[in-house]
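Protein chains in written order, with numbering that gives the first Met the number 0: chain X, 0 to 299; chain W, 0 to 332.
No lab work stands behind these hints, which were simulated from the structure alone. The model shown is predicted, which means the values in this text are computed figures rather than measured ones. Beta carbons are placed, not taken as given, at the ideal position from N, Cα and C, and that holds for glycine. Certain hints may be false.
[What the hints assert, rightly or not] Taking lysine-lysine pairs in the DSS-like style, the calculated list, with each CA pair at most 30 Å apart, reads: (1) W:Lys3 with X:Lys196; (2) W:Lys86 with X:Lys188; (3) W:Lys2 with X:Lys208; (4) W:Lys129 with X:Lys188; (5) W:Lys86 with X:Lys196; (6) W:Lys206 with X:Lys244; (7) X:Lys196 with W:Lys253; (8) W:Lys129 with W:Lys3; (9) W:Lys175 with X:Lys188; (10) W:Lys90 with X:Lys208; (11) W:Lys140 with X:Lys208; (12) W:Lys129 with W:Lys7; (13) W:Lys2 with W:Lys129; (14) W:Lys128 with W:Lys72; (15) W:Lys7 with X:Lys196; (16) W:Lys72 with X:Lys188; (17) W:Lys3 with W:Lys206; (18) W:Lys90 with W:Lys206; (19) W:Lys175 with W:Lys7; (20) W:Lys90 with X:Lys188; (21) X:Lys196 with W:Lys175; (22) W:Lys18 with X:Lys188; (23) X:Lys196 with W:Lys90; (24) X:Lys208 with W:Lys7; (25) W:Lys175 with X:Lys28; (26) W:Lys206 with X:Lys196; (27) W:Lys200 with X:Lys196; (28) X:Lys208 with W:Lys129; (29) W:Lys7 with W:Lys72; (30) X:Lys196 with W:Lys199; (31) W:Lys129 with X:Lys70; (32) X:Lys196 with W:Lys128; (33) W:Lys18 with X:Lys196; (34) X:Lys208 with W:Lys86.
[Said to hold, decoys possible] Covered, in the sense of this in silico footprint (three residues per stretch, anywhere, with C-beta under 8 Å from a C-beta of chain X), are these stretches of chain W: (35) 93-104; (36) 253-261.
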Amino acid sequence: MSKQVETATPAKYNPKLEYYKELWRQLRKNKAAVVGGGFIVLFILISIIGTPWIGPHVLTYAPDAVDIPNKLQPPSADHWFGTDNYGRDIFTRIIYGMKLTLFIGFTSVAIGGIFGVIFGVVAGYFGGWVDTIIMRIMDVLLAFPGILLALAIVSVLGGSIQNMIIAVSIYSVPAFARIVRGSTLSVRKLEYIDAMKALGASHTRIIFKHILPNVMSPIIVQATMRIASAVLTASGLSFLGLGVKPPTPEWGAMMNEGRNFMRESPHVIMFPGMMIVIVVLAFNIFGDGLRDALDPKMKK
Amino acid sequence: MAKKELLKVENLQQYFPIKGGILGRTVNHVKAVDDISFEVFEGETVSIVGESGCGKSTTGRAILRLNEPTAGKVTYDGVDLASLSTKEMRKYRKDLQIIFQDPYASINPRQTVSEILIEAMEIQNVVPKKDRRARAIELMKTVGLNEHQADRYPHEFSGGQRQRVGIARALSVNPKLIIADEAVSALDVSIQAQVLNLLKKLQKDFKLTYLFISHDLGVVRHISDRVIVMYLGKIVEIGDRVSIFDNPKHPYTKALLSAIPVPDPTAEKHHVPLQGDVPSPINPPTGCRFHTRCPFAQERCRQEEPVLTQHDGMTEGHTAACHFVNDLQPKSI
Numbered sequence: 000m001s002k003q004v005e006t007a008t009p010a011k012y013n014p015k016l017e018y019y020k021e022l023w024r025q026l027r028k029n030k031a032a033v034v035g036g037g038f039i040v041l042f043i044l045i046s047i048i049g050t051p052w053i054g055p056h057v058l059t060y061a062p063d064a065v066d067i068p069n070k071l072q073p074p075s076a077d078h079w080f081g082t083d084n085y086g087r088d089i090f091t092r093i094i095y096g097m098k099l100t101l102f103i104g105f106t107s108v109a110i111g112g113i114f115g116v117i118f119g120v121v122a123g124y125f126g127g128w129v130d131t132i133i134m135r136i137m138d139v140l141l142a143f144p145g146i147l148l149a150l151a152i153v154s155v156l157g158g159s160i161q162n163m164i165i166a167v168s169i170y171s172v173p174a175f176a177r178i179v180r181g182s183t184l185s186v187r188k189l190e191y192i193d194a195m196k197a198l199g200a201s202h203t204r205i206i207f208k209h210i211l212p213n214v215m216s217p218i219i220v221q222a223t224m225r226i227a228s229a230v231l232t233a234s235g236l237s238f239l240g241l242g243v244k245p246p247t248p249e250w251g252a253m254m255n256e257g258r259n260f261m262r263e264s265p266h267v268i269m270f271p272g273m274m275i276v277i278v279v280l281a282f283n284i285f286g287d288g289l290r291d292a293l294d295p296k297m298k299k
Numbered sequence: 000m001a002k003k004e005l006l007k008v009e010n011l012q013q014y015f016p017i018k019g020g021i022l023g024r025t026v027n028h029v030k031a032v033d034d035i036s037f038e039v040f041e042g043e044t045v046s047i048v049g050e051s052g053c054g055k056s057t058t059g060r061a062i063l064r065l066n067e068p069t070a071g072k073v074t075y076d077g078v079d080l081a082s083l084s085t086k087e088m089r090k091y092r093k094d095l096q097i098i099f100q101d102p103y104a105s106i107n108p109r110q111t112v113s114e115i116l117i118e119a120m121e122i123q124n125v126v127p128k129k130d131r132r133a134r135a136i137e138l139m140k141t142v143g144l145n146e147h148q149a150d151r152y153p154h155e156f157s158g159g160q161r162q163r164v165g166i167a168r169a170l171s172v173n174p175k176l177i178i179a180d181e182a183v184s185a186l187d188v189s190i191q192a193q194v195l196n197l198l199k200k201l202q203k204d205f206k207l208t209y210l211f212i213s214h215d216l217g218v219v220r221h222i223s224d225r226v227i228v229m230y231l232g233k234i235v236e237i238g239d240r241v242s243i244f245d246n247p248k249h250p251y252t253k254a255l256l257s258a259i260p261v262p263d264p265t266a267e268k269h270h271v272p273l274q275g276d277v278p279s280p281i282n283p284p285t286g287c288r289f290h291t292r293c294p295f296a297q298e299r300c301r302q303e304e305p306v307l308t309q310h311d312g313m314t315e316g317h318t319a320a321c322h323f324v325n326d327l328q329p330k331s332i
């Protein structure tokens, strides 16, 4: 009989942990991605400050404290980002808005992602007419420009945070479905899927235990990038007055309110606008870096 | 000793539709396996050989219903597998296992070896839950892996070791018949020998029956009891190993055997060069499918399809599908 060659010391380390370590090593090489990731951590910390339990103890002003005499103040030591047309502190409102922005971004991508992944994996795994029906519906959704689709959904359902999340979720579904279907098609042809079939594994087991874990990388990357576009769409809707209604400190809604005073007091729309840009950019750059870091893993 | 027929394949057909046109209608079929019949007796190793694209892997997959066969009967231990529902088939799957060619694609990269083996036992519910890990380690030892490797991931193993994992997974459900689909083709020669010897040892220890699919005649000669030669979806010759290798009757078998390299530079060469390529299995040649490349083809071969027959000078159970078996002298090609 053959002799076994000792390949390494007996397993003491956790290979799953090793995987994340390797991912981190790859990610660390990309400076831009690290900066993007750092910003995302910062956003999360800020949104924790923006909760009603911590906010009032840390911040000088309340997000909806009206102070008419001090309206449209330019940035100063008292009001770091200035005040808006009701004298509310823009800095405080941006911090409170961060929580809302991230909440909308994460939940809508999570909901859209779950449905998209299920549709995609089912279409890719079963193929045939199931695939045709699901993917044609996805094509119809994709045919509309994202914001237009979200607009249509919100105008049917009515403007509220909840409906906006539904709208953004629906418009995230086809992107996930497509990517997951593609990856599923390549994974299901691999011999280990046949081996599971030969063992008599059920479709559910094959899909959840053997296909999904192996198509996770593109899903993670897509989710990160999608958060950026979800944030953009959500603020866009609010800016158009179809999403979150004032006086909620949503950035898009804040820009909408500040629109009329743009000439005299550009800071009213500049700061929320800047925040949207930073958030979108951070998620995009981080997603890019994540993709680069995950790709060589997938080729292995 | 009367041999028990474990697997009987009758008139198996596997056609893959070709969709075309704007309506996606089936315009034609790839006739990957066209009407083949053979049987496998308990405890023996039957090899299927042939060049790539001849339908040997498809046959294996059709037996396991990894692709639903187009027509034909596959009888395992008296039960027609093709007539079973998917659910009923699941019970039989523990008797019929498969080892794949590519050791890199045949195991899930996200599971450790013990997880792979435990899951296989879980699916077929063969071992009580608490004993599964112990059984997994026992299986690893059986195939020549070490206990401490149980929690390793596939990428930490070499190709040969991965193939052992694949073998252990197939063994984990106590199968009776194992289909080895090019099981050693992707391994280098020294590892091939190790894995082949392991398979032989397992066959003795667990009374396994093998259907061994390979294009490597050297390997086939080493492991088989009987050999099936396939060409373009048809069986051209069946016989025991000695008959096929020492007394091949079909011109295709002769050509195939003459292509085995002989490690002796002074040996006289009887190389039979085959002209051209394998014809398309979409529109296979009429009559004998080999006539387009056969150096002896005559008009009758173009018209009439030969059947597997036992001609004069052939041992019991040795059949060839050629009209002119007896006209071809052994040394004439």
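Now for the hints, and whether the structure bears them out:
no.	hint	in the structure
1	W:Lys3 with X:Lys196	27 Å, holds
2	W:Lys86 with X:Lys188	22 Å, holds
3	W:Lys2 with X:Lys208	41 Å, violated
4	W:Lys129 with X:Lys188	33 Å, violated
5	W:Lys86 with X:Lys196	12 Å, holds
6	W:Lys206 with X:Lys244	75 Å, violated
7	X:Lys196 with W:Lys253	37 Å, violated
8	W:Lys129 with W:Lys3	36 Å, violated
9	W:Lys175 with X:Lys188	26 Å, holds
10	W:Lys90 with X:Lys208	21 Å, holds
11	W:Lys140 with X:Lys208	26 Å, holds
12	W:Lys129 with W:Lys7	37 Å, violated
13	W:Lys2 with W:Lys129	38 Å, violated
14	W:Lys128 with W:Lys72	36 Å, violated
15	W:Lys7 with X:Lys196	22 Å, holds
16	W:Lys72 with X:Lys188	26 Å, holds
17	W:Lys3 with W:Lys206	13 Å, holds
18	W:Lys90 with W:Lys206	20 Å, holds
19	W:Lys175 with W:Lys7	14 Å, holds
20	W:Lys90 with X:Lys188	24 Å, holds
21	X:Lys196 with W:Lys175	17 Å, holds
22	W:Lys18 with X:Lys188	19 Å, holds
23	X:Lys196 with W:Lys90	12 Å, holds
24	X:Lys208 with W:Lys7	34 Å, violated
25	W:Lys175 with X:Lys28	52 Å, violated
26	W:Lys206 with X:Lys196	24 Å, holds
27	W:Lys200 with X:Lys196	26 Å, holds
28	X:Lys208 with W:Lys129	21 Å, holds
29	W:Lys7 with W:Lys72	8 Å, holds
30	X:Lys196 with W:Lys199	25 Å, holds
31	W:Lys129 with X:Lys70	72 Å, violated
32	X:Lys196 with W:Lys128	21 Å, holds
33	W:Lys18 with X:Lys196	25 Å, holds
34	X:Lys208 with W:Lys86	20 Å, holds
35	93-104	holds (count 8)
36	253-261	violated (count 0)
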